[in-house]
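Asks: Listed below, chain by chain, are the residues.
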Amino acid sequence: MTKRKAQAVTPAAAALPPGTFKREDRLAAWFITIAMVALFIGGSMGPLQKLEHVGINWYPALAKIGIGSVRIQSYYQGLTAHGVLNALVWTTFFIVGFFNYAIPRSLGRPLSRPRVNLLALVLMIVGLVMAAIPILTNLASVLYTFYPPMKASVFFYLGLVLVVVGSWVAGLSYYMTYWQWRKDNPGQKTPFIALAGIITMVMWQIATLGVATEILVLIIPWVLGWTEGTDPQLARTFFWFTGHPLVYFWLLPAYVSWYGMLPKQAGGKMFSEQLARLVFWLFLVLSIPVGLHHQFVDPGVPAGWKAIHAVLTYSLFLPSMATAFTVVASLEVAGRARGGKGLLGWITKLPWGNPSYTAQNLAMILFVFGGIGGLTNASYNLNLAIHNTIWVPGHFHLTVGSAVTLTFFGIAYWLVPALTGKPLASRRAALAQAWTWFIGMLLMSNALHILGLNFGAPRRTALGTAPYVDPAWNPLQIEAAIGGIVLGISGLLFFGNMLATALSRKRAEVREEMPVAEPLHPEYVTPGWLDNWRPWVIATILLILVAYGPVLVGMIANINLNAPGVQIR
Amino acid sequence: MHIDRYERLFLYAAVALLVVFMGALAVSSFAYGIRVPTATERVDPRTVATPPSPWGEPVENRLRELSPGNYEVYILAQMWQFTPATITVPKGSRVTFYVTSKDVQHGFKLAGTNINMMALPGEVARLTATFDTPGTYNFICHEYCGALHHTMYGQLVVEE
Chain A
1 MTKRKAQAVT PAAAALPPGT FKREDRLAAW FITIAMVALF IGGSMGPLQK LEHVGINWYP
61 ALAKIGIGSV RIQSYYQGLT AHGVLNALVW TTFFIVGFFN YAIPRSLGRP LSRPRVNLLA
121 LVLMIVGLVM AAIPILTNLA SVLYTFYPPM KASVFFYLGL VLVVVGSWVA GLSYYMTYWQ
181 WRKDNPGQKT PFIALAGIIT MVMWQIATLG VATEILVLII PWVLGWTEGT DPQLARTFFW
241 FTGHPLVYFW LLPAYVSWYG MLPKQAGGKM FSEQLARLVF WLFLVLSIPV GLHHQFVDPG
301 VPAGWKAIHA VLTYSLFLPS MATAFTVVAS LEVAGRARGG KGLLGWITKL PWGNPSYTAQ
361 NLAMILFVFG GIGGLTNASY NLNLAIHNTI WVPGHFHLTV GSAVTLTFFG IAYWLVPALT
421 GKPLASRRAA LAQAWTWFIG MLLMSNALHI LGLNFGAPRR TALGTAPYVD PAWNPLQIEA
481 AIGGIVLGIS GLLFFGNMLA TALSRKRAEV REEMPVAEPL HPEYVTPGWL DNWRPWVIAT
541 ILLILVAYGP VLVGMIANIN LNAPGVQIR
Chain B
1 MHIDRYERLF LYAAVALLVV FMGALAVSSF AYGIRVPTAT ERVDPRTVAT PPSPWGEPVE
61 NRLRELSPGN YEVYILAQMW QFTPATITVP KGSRVTFYVT SKDVQHGFKL AGTNINMMAL
121 PGEVARLTAT FDTPGTYNFI CHEYCGALHH TMYGQLVVEE
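Respectively, the protein sequence lines represent chains A and B.
Residue 277 in my numbering sits at position 277 of the first sequence, with consecutive numbering throughout.
Residue 81 in my numbering sits at position 81 of the second sequence, with consecutive numbering throughout.
Keep in mind the hints are simulated off the structure, nothing from the lab.
C-beta: ideal position from N, C-alpha, C; glycine also.
Treat the hints with care, as some may be off.
What follows is a list of derived Cβ distance ranges for each label pair [stated by the list, open to error]:
(1) B:T130 <-> A:I556: 35 to 41 Å
(2) B:D132 <-> A:I541: 46 to 52 Å
(3) A:T465 <-> B:P134: 52 to 58 Å
(4) A:A557 <-> B:E65: 54 to 60 Å
(5) B:V19 <-> A:V566: 43 to 49 Å
(6) A:A557 <-> B:P134: 23 to 29 Å
(7) B:P58 <-> A:P564: 56 to 62 Å
(8) A:P522 <-> B:G112: 32 to 38 Å
(9) B:S53 <-> A:L119: 48 to 54 Å
(10) B:D132 <-> A:V537: 51 to 57 Å
Interface residues of chain B toward chain A, partial, derived using beta-carbon atoms under 8 Å [unchecked claim]:
(11) V20
(12) N114
(13) E123
(14) H150
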């Protein structure tokens with residue numbers, strides 16, 4: 001193996017002439033604006049759900065406002081919007097926007113084919129509109145998992161496919177740029193942010209083959225009436241082939257920031273740059289062959305394969321623990337560089353007055369609880385205690401709803417000023433936003449975890465009118481509702497601040513730049529295998545074949561397209 | 001590749017923790033018999049609710065005593081009810097639940113037990129539990145199945 005040079009010789013983005021990334025930034029601004037609009041609409045459904053659970057039902061009132069048939073009429077229609085717009089649209093659009101900004105700068109060159117990226121934007125917008133219209137007109141109230149044989153408007157599925165294909169095309173624009181960079185910089189190691197971002201997109205590319213197969217082969221022919229029915233168990237298996245790596249697609253961009261940017265914002269350095277690279281490669285290899293851990297209680301999946309996926313899921317714990325150590329160690333380096341002393345005294349010296357920093361640090365703290373709870377979900381038969389209970393939303397609001405979303409808020413606090421050239425409208429409102437999100441999420445997720453574990457309260461259910469709700473659930477439901485309201489206020493603080501920043505006439509004296517953390521030990525030479533795609537991509541494909549090959553072949557050999565299903569309204 | 005000494009120790013500790021967890025899962029599966037559903041048989045959701053399918057039998061014939069204290073019950077899930085919706089067994093009974101769906105996906109979680117499974121059209125979910133404590137246990141549909149999903153549940157009564 002050839003050793004790659006330790007020091008990057010790529011020009012720092014700041015050294016390039018101004019306007020180098022003009023097109024990239026304009027595209028990034030589009031992606032991020034759409035992401036925020038989606039989160040605003042989808043997120044506003046959240047507090048309504050928690051209020052419904054305590055008997056305050058605003059859906060009849062909401063059904064009266066609307067244009068034509070575009071209106072939210074029910075709990076489940078609102079819940080579909082909440083899931084699709086937050087978990088799929090907010091995340092995917094924000095991630096592409098963030099990468100549009102970060103990957104070209106990390107490589108020190110603009111996108112080689114910006115029109116490919118423009119095509120991605122167009123595809124994703126067309127897909128979003130196609131999926132959003134049936135959702136908002138109550139023709140696709142099938143939740144974001146759209147489990148067949150619940151049947152939605154065909155445009156809902158086509159729209160989702162276009163959003164996914166658009167994200168593939170965005171990935172393609174990065175790969176082409178990276179290809180050019182490698183040709184121009186032979187033997188040089190890939191800058192960390194670019195490498196981590198591109199690994200994320202490659203993982204996504206492979207992972208989404210599952211849901212693409214599900215929709216194109218098992219759903220669309222059935223929805224159009226070309227097949228009499230569909231195979232719900234096989235469809236679930238393809239869905240979760242994508243469904244678990246989906247959570248890493250959300251999380252890895254947050255990790256890009258935690259590893260590669262946040263230490264710089266805190267005044268420190270990356271504690272272990274090589275390990276950070278290894279962690280991303282491990283997520284590429286391990287994110288996908290674990291999907292059956294979402295199907296531990298499925299009737300048509302052999303228990304032995306469930307156990308194998310449980311073990312593989314556990315292996316994901318290791319890159320997660322490495323991340324916990326490296327990121328906290330990088331922040332300790334920062335805290336000590338700022339004069340922090342003692343075992344824990346460095347924590348007080350971290351830049352808690354900086355909303356971008358604070359939001360991300362609080363996101364990490366919530367992620368600790370999310371990770372621990374997630375181990376329960378991953379634990380084979382232990383999952384029986386909480387599967388499909390409201391514990392699960394309690395869990396993923398700590399992960400995608402906090403670790404990811406609160407980190408993206410933190411990123412937005414420097415990225416939106418960087419894109420607009422305007423200063424953040426209010427640092428104090430941004431700080432209050434981060435802390436209220438933290439408190440609201442602690443309250444809500446704590447209550448949801450207990451409701452699920454102790455009482456078996458089901459997830460995604462209009463509990464306000466459910467006949468089996470026990471009075472003992474009420475205090476926890478009230479706690480969750482208070483959490484939901486605090487989160488709603490926090491969301492308003494975020495969107496208000498973003499809008500005020502974008503509409504402001506002020507110009508920043510110094511435009512925000514992308515924070516890039518330097519390695520603490522630049523003298524350590526990165527081994528060649530940490531910058532070589534081939535072994536990792538081969539390992540990824542082999543592990544997928546081993547973990548999914550036999551179980552999928554068995555299911556496909558016994559395929560029964562005989563569940564006619566029900567059109568949901 | 002260079003890994004800091006403390007970080008190395010930290011990762012060793014993480015591996016040790018995982019080994020302990022896996023051991024606990026193995027013990028609970030094999031020594032305590034806490035099982036997850038596995039692939040058994042497939043049924044045709046279009047005919048599953050009609051005889052000779054056991055889910056097509058009259059509701060009073062769905063609970064069968066195979067030997068003293070040993071029962072099986074065939075529960076059909078559909079929008080938005082379980083049939084039978086009420087099951088009564090004496091204290092100390094061992095009951096095997098066979099659950100399937102005739103329309104969309106449903107869930108089946110029996111409070112106070114380790115019974116938690118998906119009810120899918122075309123598949124049969126099977127788990128067993130023993131009931132030593134008298135009382136009424138709800139089984140709740142925990143998978144969204146349409147407009148009245150939140151009303152879908154049934155009860156298992158364990159009599160003295």
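Asks: A separate judgement is required for each hint: does it hold in the structure or not?
Replies: Each hint, compared with the structure:
Checked against the given bound of 35 to 41 Å, the beta carbons of T130 (chain B) and I556 (chain A), roughly 37 Å apart, stay inside it. Taking the beta carbon of each, D132 (chain B) and I541 (chain A) are about 50 Å apart, inside 46 to 52 Å as hinted. Between T465 (chain A) and P134 (chain B) the beta carbon distance is about 29 Å. The supplied range of 52 to 58 Å is therefore violated. For the pair A557 (chain A) and E65 (chain B), the beta carbons lie near 37 Å from each other, so the given range of 54 to 60 Å is not met.
With their beta carbons about 46 Å apart, V19 (chain B) and V566 (chain A) fall inside the hinted range of 43 to 49 Å. Judged by the Cβ atoms, the range 23 to 29 Å given for A557 (chain A) and P134 (chain B) is violated: they are separated by roughly 46 Å. Between P58 (chain B) and P564 (chain A) the beta carbons are some 25 Å apart, a value that contradicts the proposed interval 56 to 62 Å. A beta carbon spacing of about 59 Å between P522 (chain A) and G112 (chain B) contradicts the range 32 to 38 Å that was offered as a hint.
Checked against the given bound of 48 to 54 Å, the beta carbons of S53 (chain B) and L119 (chain A), roughly 52 Å apart, stay inside it. At roughly 54 Å, the beta carbons of D132 (chain B) and V537 (chain A) sit within the given window of 51 to 57 Å. Of the supplied interface hints, the one on V20 (chain B) is violated, with its beta-carbon coming no nearer than about 11 Å to a beta-carbon of chain A, more than 8 Å. With 8 Å as the threshold, the beta carbon of N114 (chain B) comes within range of chain A, its nearest partner Cβ sitting at about 5 Å, so the hint holds.
For E123 (chain B), the interface hint holds, since its Cβ comes within 8 Å of a Cβ in chain A; the closest pair sits about 4 Å apart. A cut of 8 Å between beta carbons decides the hint on H150 (chain B): the least distance to chain A is about 4 Å, and the hint holds.
This entry does not satisfy hints 3, 4, 6, 7, 8, 11, going by the numbered hints stated previously.
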